[in-house]
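A.B. asks: One-letter residues, chain by chain:
There are 2 protein chains.
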Amino acid sequence: MIQPRTLKGFRDFLPEAMLPRERLIDTARRVYRSYGYSPIDTPALEYLEILSGKGSDETDKQLYRFRDHGGRDVALRFDLTVPAARFTAQHINELPVPFKRYHIATVWRGENTQRGRYREFMQCDFDTIGTASPAADIETALVIHDLFRALGFERFVIRVNNRRVLNGLLEKLDLSDRAVPILRAIDKLAKIGPEGVAAEMISTAQVSQQQADDILKLVSLEGTNDAILAELDRLTEGSETGRQGVGELRDLIAAVGAAGVPEARIQIDVAIARGLDYYTGTIYETFLDDLPGIGSVCSGGRYDNLTGLFTKQVLP
Amino acid sequence: MIQPRTLKGFRDFLPEAMLPRERLIDTARRVYRSYGYSPIDTPALEYLEILSGKGSDETDKQLYRFRDHGGRDVALRFDLTVPAARFTAQHINELPVPFKRYHIATVWRGENTQRGRYREFMQCDFDTIGTASPAADIETALVIHDLFRALGFERFVIRVNNRRVLNGLLEKLDLSDRAVPILRAIDKLAKIGPEGVAAEMISTAQVSQQQADDILKLVSLEGTNDAILAELDRLTEGSETGRQGVGELRDLIAAVGAAGVPEARIQIDVAIARGLDYYTGTIYETFLDDLPGIGSVCSGGRYDNLTGLFTKQVLP
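Here the protein sequences line up with chains A and B, keeping their order.
Under the numbering used here, read the first sequence as residues 51 to 366, first letter to last.
Under the numbering used here, read the second sequence as residues 51 to 366, first letter to last.
The set of hints was computed from the structure by calculation and includes no laboratory data.
One should not assume that every hint holds.
Any copy, or any two copies together, can satisfy a pair, since identical chains are not distinguished.
[Stated by the list, open to error] Pairs of lysine to aspartate or glutamate, EDC-like flavour, derived with a Cα cap of 20 Å:
| # | residue 1 | residue 2 |
| --- | --- | --- |
| 1 | 267 | 62 |
| 2 | 111 | 123 |
| 3 | 58 | 99 |
| 4 | 58 | 123 |
| 5 | 58 | 118 |
| 6 | 362 | 99 |
| 7 | 267 | 283 |
| 8 | 267 | 287 |
Work the whole structure out from these sequences, hints included.
C.D. replies: Structural data, given as structure tokens:
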């Protein structure tokens with residue numbers, strides 16, 4: 051007799067867990083469709099070279115990879131973003147542009163299991179591809195807001211930031227070439243605190259104590275959106291990139307507010323850095339007021355160059 | 051730049067293919083739920099020993115298997131039936147019995163690609179577990195019928211048979227020990243014709259030409275359900291197993307007819323053998339009148355012993 055068991059980090063869903071999961075997926079689909087997003091699907095298994103093309107060394111290590119019967123190096127998808135970039139590059143001539151897609155599917159990560167982290171889980175992605183317009187960023191915030199309302203949440207906050215704000219400050223501090231390790235350290239602020247972030251930046255990005263202090267001052271800004279924007283204007287003075295980022299944030303906050311989203315639900319948070327390399331503009335994280343411990347439950351941002359791995363066409 | 055491409059046998063779904071696919075899944079779910087089936091899900095990746103526990107050598111060869119980071123032998127699920135047996139054995143104390151489950155999910159088979167066969171595809175399974183009652187077999191036929199009507203089909207036929215009819219004849223011919231290769235040969239009747247089946251049975255199961263002729267006579271029966279039943283009564287005379295199978299078929303046809311399914315849509319077909327070893331009673335295949343070339347689009351049957359791989363509890 052074979053012992054019936056599942057692999058560590060993998061789960062069975064019994065009806066009492068599966069019924070609400072089906073309802074959640076239906077709700078996400080309904081909200082996405084109401085904004086004109088269309089469904090796509092891509093294979094779970096792809097050529098390794100495609101999946102390890104972008105992301106980070108850390109994500110590469112977590113890929114379930116193997117050699118198939120035909121001797122090809124293949125892997126299970128780690129997220130839905132890199133497959134989306136591959137998909138768009140491959141099919142762009144068959145797709146409307148901008149292309150608004152949603153993709154609700156399983157992803158796999160061979161990472162160490164810990165509370166609330168699984169090796170197999172579902173993502174409910176949506177993206178707008180092929181437009182540099184800030185309207186897409188505004189719409190993204192509205193979709194997140196509607197999605198959480200439709201799921202029955204009232205007490206949540208969408209935290210927004212803009213990579214250009216951070217990049218602008220790094221430019222001023224002459225640290226642009228070390229952006230990746232610095233952003234990764236900032237991303238851990240809630241977990242390891244300001245001293246931890248400073249120590250990590252000093253050790254992994256060789257910044258000085260003074261530079262670390264300047265960065266921490268920026269990412270520790272608190273207050274109303276207006277107060278933060280005013281402070282950011284001052285801190286990014288002299289950096290074209292930084293000023294552009296602040297301008298985009300200001301426009302986003304104004305538009306989303308005008309659309310009826312209360313300020314309590316959309317807040318600028320300069321500490322939101324998003325560890326992945328590929329983000330270029332607005333970034334988002336969403337927190338449930340009543341479950342702060344679980345971290346962001348809906349994250350993403352603008353990445354204007356990812357399809358560049360697969361095609362020369364510019365598809366922001 | 052990386053060439054954007056998918057693996058052979060794997061597909062991207064663009065919105066024009068994905069929208070009807072989402073509708074199909076919704077329809078299946080609605081029909082299954084209307085009969086009281088509940089959703090479950092199981093991991094895509096399982097211990098190899100669990101997935102290769104049953105099925106056949108042929109299915110084992112098609113498993114995508116590899117060793118994970120922790121050195122475990124794992125594989126992508128080949129179907130949803132073996133995982134269902136593992137799931138039921140593992141969770142039986144948390145489940146109502148009989149347990150009626152549906153499971154709509156992706157499966158992977160590393161087989162040679164050919165027209166209409168993919169290495170990744172979706173199955174829309176449903177099963178009743180934990181009852182030997184013929185009512186479950188009748189309900190299964192009604193669910194298949196309602197599902198195809200709900201999908202918009204009018205011209206289709208559910209072909210039914212019973213393993214006990216075939217086993218009864220093999221008993222009479224003293225061939226019970228060679229049932230597996232014989233059933234596998236019969237299953238190819240539509241593809242390779244009676245001479246092909248006879249040749250295969252003679253070579254793989256060492257049956258005599260006379261035995262082959264007797265088997266082919268049985269599986270070539272044609273006519274109305276009543277005419278076939280009368281003929282089956284005669285051919286299985288003297289075999290308790292065979293007579294039980296014919297009785298179950300007769301009751302099934304009567305009940306499904308009484309429920310309003312026209313005879314054109316439910317037909318006894320003794321040539322339906324279902325290659326897999328684990329079937330024990332009623333078996334089903336469904337054909338679309340307007341697309342005969344694609345073969346059965348909804349197949350299955352009763353298997354009373356599959357959970358026996360994983361538990362001593364009897365869960366038919």
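A.B. asks: Tell me, in ascending order, the numbers of any earlier hints that this structure violates.
C.D. replies: Hint 1 alone not satisfied by this model.
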